[in-house]
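> Heads up: the sequence lines are chains A and B, in that order.
Just so it is clear: in the first sequence, position 352 is 352 by UniProt numbering, and no numbers are missing.
Just so it is clear: in the second sequence, position 351 is 351 by UniProt numbering, and no numbers are missing.
Don't read these hints as lab results, they were simulated from the structure.
Note that beta-carbon positions come from the ideal geometry of N, C-alpha and C, so glycine has one too.
Hints are not guaranteed to be accurate.
[Said to hold, decoys possible] Distance condition first, Cα-Cα at most 27 Å in a straight line; then the derived DSSO-like pairs of lysine-lysine:
(1) A:LYS118 to A:LYS324
(2) A:LYS324 to A:LYS4
(3) B:LYS4 to B:LYS89
(4) B:LYS230 to A:LYS272
(5) A:LYS272 to B:LYS272
(6) B:LYS369 to B:LYS4
(7) B:LYS216 to B:LYS89
(8) A:LYS118 to B:LYS324
(9) B:LYS369 to A:LYS238
(10) B:LYS54 to B:LYS4
(11) A:LYS118 to A:LYS89
(12) A:LYS324 to B:LYS118
(13) A:LYS272 to B:LYS238
(14) B:LYS118 to B:LYS182
(15) B:LYS324 to A:LYS324
(16) B:LYS4 to B:LYS182
(17) A:LYS46 to A:LYS182
(18) B:LYS369 to B:LYS238
(19) A:LYS54 to A:LYS4
(20) A:LYS324 to A:LYS69
(21) A:LYS216 to A:LYS118
(22) A:LYS272 to A:LYS230
(23) B:LYS272 to A:LYS230
(24) B:LYS182 to A:LYS324
(25) B:LYS118 to B:LYS89
(26) A:LYS272 to A:LYS324
(27) B:LYS69 to B:LYS324
(28) A:LYS54 to A:LYS89
(29) A:LYS118 to A:LYS69
(30) B:LYS216 to A:LYS4
(31) B:LYS4 to B:LYS69
(32) A:LYS238 to B:LYS238
(33) A:LYS46 to A:LYS4
[Said to hold, decoys possible] If you want the footprint, here are the derived chain B segments under chain A, 3+ residues with CB under 8 Å:
(34) 28-36
(35) 285-293
2 protein chains.
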Amino acid sequence: MGVKLGILGLGTVGTGTVQLLQDGTGRHPLLQEIEIYKVGVRSLDKSRAVTLPKSVLMTDLDAIVNDPKVDIIVEVMGGLEPARSLILKAIENGKHIVTANKAVISRFGEEIFTSANKAGVYVMLEAAVGGGIPVIQPLKQSLSVNRIQSVTGIVNGTTNYILTRMQLEGSNFSDVLADAQKLGYAEADPTADVEGLDAADKIAILASLAFDGRIKLEDVYCEGIRQVSKTDIAYAEKLGFVIKLLAIAQTVIPPSSNPPISVRVHPTLVPKNHPLASINGVNNAIFIEGEPIGQVMLFGPGAGAGATASSVSSDILNLVASLKTSTALPNPLLGCRHQHYCQITPMAELVTRFYARFLTRDQSGVIGKIGTCFGDRGVSLESVVQTGFQGELAEIVVVTHDVREGDFRQALAEIHSLPAIDSIPSVLRVL
Amino acid sequence: MGVKLGILGLGTVGTGTVQLLQDGTGRHPLLQEIEIYKVGVRSLDKSRAVTLPKSVLMTDLDAIVNDPKVDIIVEVMGGLEPARSLILKAIENGKHIVTANKAVISRFGEEIFTSANKAGVYVMLEAAVGGGIPVIQPLKQSLSVNRIQSVTGIVNGTTNYILTRMQLEGSNFSDVLADAQKLGYAEADPTADVEGLDAADKIAILASLAFDGRIKLEDVYCEGIRQVSKTDIAYAEKLGFVIKLLAIAQTVIPPSSNPPISVRVHPTLVPKNHPLASINGVNNAIFIEGEPIGQVMLFGPGAGAGATASSVSSDILNLVASLKTSTALPNPLLGCRHQHYCQITPMAELVTRFYARFLTRDQSGVIGKIGTCFGDRGVSLESVVQTGFQGELAEIVVVTHDVREGDFRQALAEIHSLPAIDSIPSVLRVL
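Looking at chain A on its own, in the form it has when it is part of the complex (with noise of 0.2 Å):
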């Protein structure tokens, strides 16, 4: 037989793959030297839907990590620990790693890789991010002759599934959340997405890899989509935006060899013509801008046993092509080539337009002398809308230009000092 597979996990990542590998009907040929030779589970006597010999399933994982006979460990477990610990062990023993795992990866990623350019084994990680969407392989390969500029995506499918029908039912953030908890499209604790914490952990994965350097996941600014009211949704679609959970990795003063980028997870007003505004639900896409190709969106489903499988599956293929065809050197395209770490910009030195509503209390003069304190610090406003009341307060809308963050947010805290301003609700950025 081919290429020894060992899988740790066999949940609804772990059973889609199997399924796809043991039924290799119309599929790439090569699929069929692989030989699924052990499987890691936590319990032999849960019933499966897949059918494995009994001498292919087993509890200890250790072993099967330890066993000179498997090439290939599949992790797809999930989780920090034992994941973590499987993975470098597996990699000290000379094994090639594929995983979804991107919270192991965001984290643990130069202890992994360090480990992996040592051992000379390859650490795969398609199915970490995007779900199906072939977005890794590319950026390794066909995307890599290109100085990227920036990568915006939209990577979590729970937050773009509830901010859809916020959008479309103009509900609250709180009622979709509890429906969707019942559906499935939420979890229990809907921390990591809503916070948008797994978002984090995906585009430090996307950043690194576009921008050629290691990125450390408190580097990322993280703001999640609770604070997202409905009222803003329906001002945002009168100004013409959709709002969606961003992604964002973008060089900030291009070009060069190992440029200082910005790397952030918010919530962000997004026109309504751009490729980004029409991703709606579970669904997920990368946008990608580079030079000289312009700009590429890839977009797929963002999450589920199959989309995932595929992209697991990927990557076991391009191994198996590899463990074929290949020398001893690492194959430049499949390997992590970079030890330094990006250079990140502080958001305050951030440029982009932002979006502001200011509850105020007194009518007369208070759209001048919210003017003025963005004018004294140079923030120059696209647009400003008094937009209705709310009880005796009146509500006001404001867009600006591009400004450097910090400038905004000091014009901010002179405008919450004012005696007319009640309060400022949102401040949300704008793409």
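Got chain A; can you put chain B on it based on the hints?
What follows is chain B alone, placed relative to chain A:
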């Protein structure tokens, strides 16, 4: 120095590629191991946007493909001859090929890939379809673990530009074409674009990769956009569709290892909520459905110096990586792996929805008569709308459910012979 390129042609694409390769900062470091060794041009005297040493430029293209020092031939001259002969000669001399030439590949693919397999060299063609969009390599690699069910593309920028403007402006085909020619979006002889021939070349290539078999270009059914009227665009809009020139390859009876497929290019009514409906202007997009991945779409610039240079350079990068790491064995993810022909389903056997517009002389009972003719052939109607009048004639628009095209055509012939029918100005398929 490293890998030596012989570039044939220094037009838009050739110049873009040289510019990219000469300016390596911020791109994949492997590009620095490439030497632009010879560039074949028609005239040495022409002033050029790139600076190359005198020893590099030459007019004797045969000498370049016969030069034993050249590792890779980059064919960016276009046209059928001498491109075909030079490619074949280079292959015979053991050189790898990168080409942007869809016409040569779709017509002479069998001859070219047979010699390449014999000589053990690769023929790379990312730039032949979809400009800068990474689609060829994803189809060979990431997506190839899937059973592909359909590939549906907007792969011709000129016709998409024309249809988009007709849609937005309510203009006639001939007026928009004339303006597009003035603006440089359409060529003086627009035949290859507006008749769908360019899209046919491209879908033949995509189908071959997606369904893992060769395609005879003459088996690709092809209908252009000349007959698309502003009237039909307006009706389609009312019914919830936009009209796009789609290039489609799809399995008819999935799944099997060599399923019969339908390969075709024609103007198509696309539901407004379909991801392809919002692809406007000169952009291209390729929408792919597979099992188990579901639906993915790859979107980007369909033409232009920068986009095409990105694809050409990514092919060069792939070859250089392969030359640096691989043994003599062909890499199964780069090479062509099929030698048989795909089984093509005749159009009469296609199952699809239709849109048809009738001009009728006699209103009373005519809808009933049309309905009866369709019913007799088992064609069921989704909607029948009597939409207005053109002079004394009443206009009736129907959209069918899925029908066998042969049955639909027979019913249409019967309807055409009814005394109440003046004419059938439009028949279009619906996605």
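> Now tell me if each hint is right for this structure.
Going through the hints against the structure:
1. A:LYS118 to A:LYS324: Holds - the C-alpha atoms of LYS324 of chain A and LYS118 of chain A are around 21 Å apart, at most 27 Å.
2. A:LYS324 to A:LYS4: Satisfied, since the Cα-Cα distance of roughly 13 Å is no more than 27 Å.
3. B:LYS4 to B:LYS89: Holds. LYS4 of chain B to LYS89 of chain B sits at ~17 Å (cutoff 27 Å).
4. B:LYS230 to A:LYS272: Roughly 25 Å separates the two Cα atoms, so the pair holds.
5. A:LYS272 to B:LYS272: holds, 15 Å
6. B:LYS369 to B:LYS4: violated, 70 Å
7. B:LYS216 to B:LYS89: holds, 23 Å
8. A:LYS118 to B:LYS324: holds, 19 Å
9. B:LYS369 to A:LYS238: violated, 47 Å
10. B:LYS54 to B:LYS4: Answer holds: LYS54 of chain B to LYS4 of chain B is near 16 Å, not above 27 Å.
11. A:LYS118 to A:LYS89: holds, 13 Å
12. A:LYS324 to B:LYS118: holds, 19 Å
13. A:LYS272 to B:LYS238: Holds: LYS272 of chain A and LYS238 of chain B sit about 21 Å apart, inside 27 Å.
14. B:LYS118 to B:LYS182: Given that 27 Å is the threshold and the Cα spacing comes to 46 Å, the pair is violated.
15. B:LYS324 to A:LYS324: holds, 15 Å
16. B:LYS4 to B:LYS182: violated, 40 Å
17. A:LYS46 to A:LYS182: holds, 25 Å
18. B:LYS369 to B:LYS238: holds, 24 Å
19. A:LYS54 to A:LYS4: At roughly 16 Å apart (the allowed maximum being 27 Å), LYS4 of chain A and LYS54 of chain A satisfy the hint.
20. A:LYS324 to A:LYS69: holds, 16 Å
21. A:LYS216 to A:LYS118: holds, 21 Å
22. A:LYS272 to A:LYS230: Holds - the C-alpha atoms of LYS230 of chain A and LYS272 of chain A are around 17 Å apart, at most 27 Å.
23. B:LYS272 to A:LYS230: Holds, at roughly 25 Å.
24. B:LYS182 to A:LYS324: violated, 53 Å
25. B:LYS118 to B:LYS89: holds, 13 Å
26. A:LYS272 to A:LYS324: violated, 47 Å
27. B:LYS69 to B:LYS324: Judged against 27 Å, a Cα distance of about 16 Å means the pair holds.
28. A:LYS54 to A:LYS89: holds, 25 Å
29. A:LYS118 to A:LYS69: At roughly 20 Å apart (the allowed maximum being 27 Å), LYS69 of chain A and LYS118 of chain A satisfy the hint.
30. B:LYS216 to A:LYS4: Since the Cα atoms of LYS216 of chain B and LYS4 of chain A sit roughly 39 Å apart, the hinted pair is violated (cutoff 27 Å).
31. B:LYS4 to B:LYS69: Roughly 7 Å between the alpha carbons, so the hint for LYS4 of chain B and LYS69 of chain B holds.
32. A:LYS238 to B:LYS238: holds, 24 Å
33. A:LYS46 to A:LYS4: holds, 24 Å
34. 28-36: holds (count 4)
35. 285-293: With 4 residues close enough to chain A, the hint holds.
Hints 6, 9, 14, 16, 24, 26 and 30, counting from the list given before, are not met by this structure.
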